[in-house]
Amino acid sequence: MSGMLRNRDVMRVVAARFISRMGGEAAFFVGVWGKAAYELHATPAQLALLMASLAISGILGTLVSGVLVDRYDPRRVLAVAELFFVPTALAFLLPTTMLQMTALAALLGFFGSPVMTASASFAPFLLDGDTGLDRVNAWIEGAGSLSFVIGPAIGAVLAKLISIDSIFIFDAATSLAAVFLVWGVHLRRDHLSPREKTSAATELRDGLRFVYGNRALRYAILLGTAIWLGFGAFGALEPLFYRDVLGTGVETIGYMNTLFGLGLVAGAWLFSRLPEGAVSARGLAAVSSLVGLGAMLYVGTRSLFIVALGALVWGVVIGVADVLLKVLIQSNSPDHMVGRAVGAAQMHRQAGELLPLAAAPSLAVAFGVQPVLIGGGLILSVVALLSLPEARAVDRLPWVRAAGSRPTLTADDEPVSPVP
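Under numbering that gives the first Met the number 0, the first residue of the sequence shown carries the number 0, and numbering increases by one thereafter.
Rather than coming from a laboratory, the hints here were simulated on the basis of the structure. You may find that some hints are simply not true.
FRET-style restraints, in silico, Cβ to Cβ [as the list claims (entries may be wrong)]: (1) L82 with P370: 17 to 27 Å; (2) P333 with S162: 30 to 40 Å; (3) P370 with F83: 21 to 31 Å; (4) P397 with W182: 19 to 29 Å.
Under the rule of at most 25 Å between Cα atoms (straight-line distance), these lysine to any residue pairs were calculated in the SDA-like manner [to be verified]: (5) K159 with S279; (6) K159 with L384; (7) K159 with E250; (8) K159 with D205; (9) K159 with L308; (10) K159 with F179; (11) K159 with G276; (12) K159 with T96; (13) K159 with D8; (14) K159 with L93; (15) K159 with Y37; (16) K159 with Y254; (17) K159 with I55; (18) K159 with Y211; (19) K159 with G248; (20) K159 with E38; (21) K159 with L82; (22) K159 with G367; (23) K159 with T201; (24) K159 with L221; (25) K159 with R70; (26) K159 with F169; (27) K159 with T251; (28) K159 with R272; (29) K159 with R281; (30) K159 with L39; (31) K159 with A277; (32) K159 with L59; (33) K159 with I149; (34) K159 with A392; (35) K159 with L261; (36) K159 with L273; (37) K159 with R217; (38) K159 with R395; (39) K159 with P274.
Even for Gly, the Cβ is constructed at its ideal location relative to N, Cα and C.
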């Protein structure tokens, strides 16, 4: 741990990730969801359309961001994307209709995707060797989890004391601070790929061919997709769960997601205490099944106490799953493919969030918001358990790089909000 603290480049990335994600979590959970559900009185269909706009544009942004990371480096991609993100965040001060909110969500997804892809690609570029990959990931992603604890709480306080719109100003300011921090980071030049004299389309095609042709990467990315398929309905229905099922105010979303963030931190710390065999495809399958069970606990009752407990427990298992997923993807990606492999995983995440949105509103009308959310968690648990035979086969394959030493205190990022 002390070695990481002395590494200024790692600490700059950690600080940038913490500050940027803190604004992003406040803006998404309390700002975007709060403004849509409580100020513009969005219906399930309108929220689903907003999340679809966010996901589709995010997929487009991810398709190019992985190539950009491999062509240039994650530092430059992150800094430029954050600069474009600032006016996008401020534009959310203007909407008075859900149509306008939906259009802005498209910009949010497009410029937010490169930030997330670059952040998730940093670790191999900061190492002197492959050893310590999981430790560097843990510090970078841990910054995101800590911001997930603080960000929604800050959003709730700003919404209560000032206004929902003040959250978007806060988000823009945190993005500018992240640019300042990350621009001074020094990366391993020998780790960067030489500029290829091929088109971006060719590089994208080669990257996708490699990812889908690699059995270990394919398994990790597809199971990650199942996690977000199980979660996809939450994007359209979770604000309505608080508004219509629990009957609470917008600030409750912020407070509950702060508990979720505490669970992420605790879960990633738990990851550092897992046995070595858990860092495997079988471990990912088991944890993914628990993610589904955690989701069911979170939305399974109308008791605020149980919902709070469920948010904490769900955060714990997602905290383990997210660090594990990143380590498995990076451990099976050669240097010149890291950006595209991470980008493919991010693209699948957004597609997984998108697909359930087509059915969630009508299912919510037919069966109710709460049963649909419970069903999403149940489906994920079953799919994860059914994937165990493939996980065993994947675990017999060699890794491209070692995961490194196990961190003594870790936390994770990449929670559930599709914004940086």
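Against the structure, the hints come out as follows:
1. The hinted window of 17 to 27 Å between L82 and P370 is violated, with their beta carbons roughly 43 Å apart.
2. At roughly 49 Å, the beta carbons of P333 and S162 sit outside the given window of 30 to 40 Å.
3. Checked against the hint of 21 to 31 Å, the pair P370 and F83 fails, with Cβ atoms roughly 40 Å apart.
4. For P397 and W182, the Cβ-Cβ distance of about 37 Å falls outside the hinted range of 19 to 29 Å, so the restraint is violated.
5. Proposed proximity of K159 and S279 is contradicted: the alpha carbons are some 44 Å apart, above 25 Å.
6. For the proposed pair K159 and L384, the alpha carbon gap of about 43 Å is over 25 Å, so the pair is violated.
7. For the hint pairing K159 with E250, the CA-to-CA distance comes to about 7 Å; that is within 25 Å, so the pair holds.
8. A distance of roughly 49 Å separates the Cα atoms of K159 and D205; the hinted pair therefore is violated under the 25 Å criterion.
9. For the hint linking K159 to L308, the alpha-carbon distance of about 24 Å falls within 25 Å, and the restraint holds.
10. With a CA separation close to 30 Å, the supplied pair K159 and F179 exceeds the 25 Å bound.
11. The straight-line distance between the Cα atoms of K159 and G276 is roughly 46 Å, outside the 25 Å bound, and the hint therefore fails.
12. In summary, the hint linking K159 to T96 is supported, as the alpha carbons are separated by about 22 Å, within the 25 Å threshold.
13. Of the pairs offered as hints, the one joining K159 and D8 is violated, with about 37 Å between alpha carbons and a cut-off of 25 Å exceeded.
14. Distance restraint check for K159 and L93: the Cα-Cα separation of roughly 19 Å lies within the 25 Å cut-off, and the hinted pair is therefore satisfied.
15. Only pairs whose Cα atoms come within 25 Å are accepted, and K159 paired with Y37 is accepted, the gap being roughly 13 Å.
16. Straight-line distance between C-alpha atoms of K159 and Y254 comes to about 12 Å, which keeps the hinted pair within the 25 Å bound.
17. Pair hint K159 plus I55 does not hold up; C-alpha atoms about 32 Å apart against a cutoff of 25 Å.
18. At most 25 Å may separate the alpha-carbon atoms for a hinted pair to count; K159 and Y211 exceed this at roughly 47 Å.
19. Taking the CA atoms of K159 and G248, the gap is about 10 Å. The hint holds against a cut of 25 Å.
20. Between K159 and E38 the CA atoms are separated by roughly 13 Å; this keeps the pair inside 25 Å, and the hint holds.
21. Annotation: proposed proximity of K159 to L82 is violated, straight-line Cα distance about 28 Å (limit 25 Å).
22. For the suggested pair K159 and G367, the alpha carbons sit about 29 Å apart, so the restraint of at most 25 Å is broken.
23. Straight-line distance between C-alpha atoms of K159 and T201 comes to about 50 Å, which puts the hinted pair past the 25 Å bound.
24. A threshold of 25 Å between alpha carbons decides the hint, and for K159 with L221 the separation of about 40 Å lies outside it, so the pair is violated.
25. Taking the CA atoms of K159 and R70, the gap is about 44 Å. The hint is violated against a cut of 25 Å.
26. Proposed proximity of K159 and F169 is supported: the alpha carbons are some 14 Å apart, at most 25 Å.
27. The suggested pairing of K159 with T251 holds, with an alpha-carbon distance near 11 Å, which does not exceed 25 Å.
28. Simply put, K159 and R272 have alpha-carbon atoms about 39 Å apart, too far for the 25 Å limit, and the pair is violated.
29. Our distance criterion of 25 Å between C-alpha atoms is broken by K159 and R281, whose separation comes to about 44 Å.
30. Of the supplied pair hints, the one linking K159 and L39 holds, its CA atoms being roughly 17 Å apart against a limit of 25 Å.
31. For the proposed pair K159 and A277, the alpha carbon gap of about 43 Å is over 25 Å, so the pair is violated.
32. A C-alpha spacing of about 35 Å is found between K159 and L59, which places the hinted pair above 25 Å, so the restraint is violated.
33. Proposed proximity of K159 and I149 is supported: the alpha carbons are some 15 Å apart, at most 25 Å.
34. The straight-line distance between the Cα atoms of K159 and A392 is roughly 52 Å, outside the 25 Å bound, and the hint therefore fails.
35. A threshold of 25 Å between alpha carbons decides the hint, and for K159 with L261 the separation of about 22 Å falls inside it, so the pair holds.
36. The hinted pair formed by K159 and L273 fails the criterion: a straight-line CA distance of about 40 Å is larger than 25 Å.
37. Proximity of K159 to R217 is assessed by CA-CA distance (about 44 Å); at most 25 Å being required, the pair is judged violated.
38. Distance restraint check for K159 and R395: the Cα-Cα separation of roughly 53 Å exceeds the 25 Å cut-off, and the hinted pair is therefore not satisfied.
39. Distance check on the hinted pair: K159 and P274 sit about 44 Å apart at the alpha-carbon level, beyond 25 Å; violated.
Going through the hint list in order, the structure does not satisfy hints 1, 2, 3, 4, 5, 6, 8, 10, 11, 13, 17, 18, 21, 22, 23, 24, 25, 28, 29, 31, 32, 34, 36, 37, 38, 39.
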